[in-house]
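Order-wise, the sequence lines are chains A and B.
Here my numbering runs 14 ahead of the position in the first sequence, where the first position is 1.
Here my numbering runs 14 ahead of the position in the second sequence, where the first position is 1.
Worth flagging that the hints you see were computed from the coordinates, not collected in a lab.
Among the hints, erroneous ones may be present.
Mimicking DSS-like on lysine-lysine, the simulated pairs with C-alpha atoms at most 27 Å apart in a straight line are [as the list claims (entries may be wrong)]: (1) B/Lys411 x B/Lys385; (2) A/Lys209 x A/Lys127; (3) B/Lys281 x A/Lys209; (4) B/Lys385 x B/Lys20; (5) B/Lys209 x B/Lys20; (6) A/Lys209 x B/Lys385; (7) A/Lys385 x A/Lys411; (8) A/Lys385 x B/Lys209; (9) A/Lys385 x A/Lys20; (10) A/Lys20 x B/Lys209; (11) A/Lys209 x A/Lys20; (12) A/Lys20 x B/Lys20; (13) A/Lys281 x A/Lys295; (14) B/Lys274 x B/Lys295; (15) B/Lys281 x B/Lys301.
Protein chains: 2
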Amino acid sequence: MNAILKGLRVVEGAAFVAAPLCGMTLAQQGADVIRFDPLEGGLDARRWPVTAGGKSLYWAGLNKGKRSLAVNTRSPEGQELLVALITAAGAGNGIFLTNFPTSGWLGYDNLRKRREDLIMMNVTGNPDGSSAVDYTVNCAIGFPFVTGPPHGAAPVNPVNHVLPAWDAIAGVTAAMGILAAERHRRLTGEGQLIKLPLADVAFAMTGNLGYIAEVQVNRSERRSSGNYLFGAYGCEFETADSRYVYAVAITRRQWEELCKMSGLEGKLAMLASLLDVNFAKEGDRFKAREAISAVLAPWFRQRTLDEIEQIFRGTGVCWGPYQTFQQMVADDPRCSTENPLFSMIDQPGIGAYLVPGSPLQFTAAAREVPKRAPLLGEHTDEVLTELLGMSDAQIGKLRAARIVGGPVEIE
Amino acid sequence: MNAILKGLRVVEGAAFVAAPLCGMTLAQQGADVIRFDPLEGGLDARRWPVTAGGKSLYWAGLNKGKRSLAVNTRSPEGQELLVALITAAGAGNGIFLTNFPTSGWLGYDNLRKRREDLIMMNVTGNPDGSSAVDYTVNCAIGFPFVTGPPHGAAPVNPVNHVLPAWDAIAGVTAAMGILAAERHRRLTGEGQLIKLPLADVAFAMTGNLGYIAEVQVNRSERRSSGNYLFGAYGCEFETADSRYVYAVAITRRQWEELCKMSGLEGKLAMLASLLDVNFAKEGDRFKAREAISAVLAPWFRQRTLDEIEQIFRGTGVCWGPYQTFQQMVADDPRCSTENPLFSMIDQPGIGAYLVPGSPLQFTAAAREVPKRAPLLGEHTDEVLTELLGMSDAQIGKLRAARIVGGPVEIE
Chain A
15 MNAILKGLRV VEGAAFVAAP LCGMTLAQQG ADVIRFDPLE GGLDARRWPV TAGGKSLYWA
75 GLNKGKRSLA VNTRSPEGQE LLVALITAAG AGNGIFLTNF PTSGWLGYDN LRKRREDLIM
135 MNVTGNPDGS SAVDYTVNCA IGFPFVTGPP HGAAPVNPVN HVLPAWDAIA GVTAAMGILA
195 AERHRRLTGE GQLIKLPLAD VAFAMTGNLG YIAEVQVNRS ERRSSGNYLF GAYGCEFETA
255 DSRYVYAVAI TRRQWEELCK MSGLEGKLAM LASLLDVNFA KEGDRFKARE AISAVLAPWF
315 RQRTLDEIEQ IFRGTGVCWG PYQTFQQMVA DDPRCSTENP LFSMIDQPGI GAYLVPGSPL
375 QFTAAAREVP KRAPLLGEHT DEVLTELLGM SDAQIGKLRA ARIVGGPVEI E
Chain B
15 MNAILKGLRV VEGAAFVAAP LCGMTLAQQG ADVIRFDPLE GGLDARRWPV TAGGKSLYWA
75 GLNKGKRSLA VNTRSPEGQE LLVALITAAG AGNGIFLTNF PTSGWLGYDN LRKRREDLIM
135 MNVTGNPDGS SAVDYTVNCA IGFPFVTGPP HGAAPVNPVN HVLPAWDAIA GVTAAMGILA
195 AERHRRLTGE GQLIKLPLAD VAFAMTGNLG YIAEVQVNRS ERRSSGNYLF GAYGCEFETA
255 DSRYVYAVAI TRRQWEELCK MSGLEGKLAM LASLLDVNFA KEGDRFKARE AISAVLAPWF
315 RQRTLDEIEQ IFRGTGVCWG PYQTFQQMVA DDPRCSTENP LFSMIDQPGI GAYLVPGSPL
375 QFTAAAREVP KRAPLLGEHT DEVLTELLGM SDAQIGKLRA ARIVGGPVEI E
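Just need the whole structure built from these sequences, with the hints factored in.
And the structure:
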């Protein structure tokens with residue numbers, strides 16, 4: 015948490031990863047993000063991972079620091095409440111984030127009638143508006159055929175990455191897009207609809223990283239090279255104590271340090287002569303990667319992780335241990351309260367665990383302890399009073415008619 | 015490209031993926047991003063992938079739309095030029111993006127003496143300032159042990175993802191951070207130093223997605239489930255024509271559509287009775303994933319990709335084909351000029367290929383054709399004249415003394 019975006023208010027109607035991550039990211043920089051959901055919870059209210067008691071760790075992770083409004087989105091009164099909230103007057107208001115199909119009452123054209131300078135961010139699936147999720151985008155992009163063990167040119171044995179990377183990139187891109195549009199509105203008074211198709215995020219990044227040019231210019235395509243870093247030298251090694259480490263030599267200095275600290279300079283120089291390559295060139299390190307690994311692997315296999323760490327510490331060798339999620343939590347000070355990124359936070363119904371704030375450290379907005387996720391509808395009354403000026407009696411009527419509700423513990 | 019950030023100027027001293035991607039992302043929204051590099055090119059000037067002639071497709075991809083200044087960064091005169099450029103007067107100026115170790119002349123304290131409201135974004139490796147790259151961060155985060163074929167709980171056979179996902183997320187996060195700081199400066203007049211450690215980006219996202227809570231609350235950790243989607247149902251299938259597709263049922267509606275369109279409703283209902291589970295629950299779909307796949311796989315194997323597409327088109331089934339990079343370029347209209355995201359751009363020394371613009375579609379800033387990457391030092395004279403008011407004679411002296419240079423074609 016920090017307060018760099020103080021004064022900005024975003025109404026979020028969203029589910030799953032990309033759009034809720036966008037809202038959470040803005041909330042962690044101090045924006046007031048109000049997420050609305052149906053009275054029984056949104057599509058992602060029970061999403062895995064869950065606790066033994068069925069509480070969603072996913073919800074807790076992607077809704078940190080937001081306020082929650084539970085509302086019957088099918089009732090005309092509920093819809094009118096939401097339109098009023100989304101288009102509320104005030105300089106910091108009038109920002110709507112959604113990944114729902116938006117037509118009718120929630121469409122930009124309808125909302126804009128009530129606030130002309132509305133900023134609406136619509137995260138969609140495909141550029142034509144059809145649905146797509148991280149998994150159906152990822153399979154189209156080429157990466158699964160080059161992930162995992164090498165298998166030649168045939169497109170077999172696809173390996174999906176597990177991180178929903180496209181969702182994550184899209185979520186942060188949407189947050190950036192909202193800030194760009196807010197700047198534009200501040201300078202010109204003009205609002206707008208912004209569309210961000212998940213598939214375009216993925217195709218654009220794939221192009222940015224050179225994969226399309228490899229096909230069209232080089233008339234070739236990347237093949238799997240296992241865990242080898244492409245285009246320079248990077249490889250995983252087993253240690254004497256059955257751990258794994260990754261060592262990288264992208265720059266010439268990283269290569270020279272790896273040669274020096276392993277004491278294998280002489281052998282690696284012989285290897286370069288043998289293969290007629292120049293290891294000062296990153297491409298030559300890639301071409302000779304298997305031979306280099308054959309020289310380096312025994313060195314790693316004869317040493318424990320601790321021994322390797324003692325040899326590499328404070329040098330220019332770029333390396334790190336592989337860790338399971340449990341090892342990461344148990345052993346890595348970067349994943350502990352020693353790192354100001356993290357705080358122990360108690361999440362109602364779940365318990366206390368390490369919760370990350372924003373990785374951005376603004377010196378003009380001090381780091382604060384991250385805020386937990388809300389219960390469904392935890393802020394229903396507060397939001398209706400504060401933003402729509404409703405009285406207790408008015409809210410009472412809405413509650414009696416089951417137009418609004420909460421707080422609810424989702425089971 | 016679009017012009018939503020018109021009027022913003024960023025000076026970039028950076029290399030590799032995260033920070034150059036940040037600059038490129040801002041440039042594609044219309045910011046004037048001036049990247050400086052040494053006269054012989056930066057550390058990433060020759061980075062792979064490269065063309066047969068050795069030109070870097072990587073450089074072309076991550077520096078689109080920037081202006082390039084080639085300068086001897088070791089000479090006092092070159093350093094003074096850069097300090098003047100970074101701290102130039104003017105409301106849109108005074109934003110510096112870097113991932114270099116910044117001490118001495120390039121340190122925030124030094125730069126701030128010349129422009130108090132400077133915004134400086136420093137993308138670092140580890141939170142303690144030590145070096146880390148995507149590959150050495152990724153191995154620490156747990157994902158490689160849950161990627162690829164299932165192998166039980168033992169942390170063996172790590173599989174790295176190939177997409178530099180942490181770099182990509184960090185690059186966009188840095189762009190968002192700069193816009194947040196620029197908003198703060200506009201409102202308060204205050205500049206600042208922002209730090210963004212790559213490792214914190216990764217640890218934070220891992221926490222956001224619930225992996226840390228699984229360890230600390232559930233006392234367990236995620237295991238590899240191959241290409242299965244975690245927590246609901248998603249699986250890859252082979253087709254009759256030896257293609258692969260991915261089909262997903264995260265929501266109940268997606269599940270019902272998959273059952274209906276495959277005509278396997280009856281069998282899947284029998285399966286639910288047999289296993290005593292309720293497929294309306296996403297978690298039950300995950301628990302019974304292998305049995306579900308046993309029912310669905312023959313259906314896919316008996317049909318070609320075309321046949322499957324005809325059956326699923328226009329329905330609520332969420333699915334997509336796996337494609338290699340070549341298939342993506344050859345067959346997918348989303349990766350063609352049919353998609354306004356892409357334009358055919360001629361990159362000097364490389365040739366013409368499909369280049370993506372920004373995936374963000376701002377209605378208040380029309381989509382423009384993306385701009386190619388500059389040659390090293392292509393804008394040296396232009397930048398010195400425009401920003402530092404230098405005369406031809408002054409620039410001539412700097413060129414003669416080899417303080418500035420370019421344009422240069424990197425070989």
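field: Those earlier numbered hints the structure runs against, lowest number first
entry: 1, 3, 7
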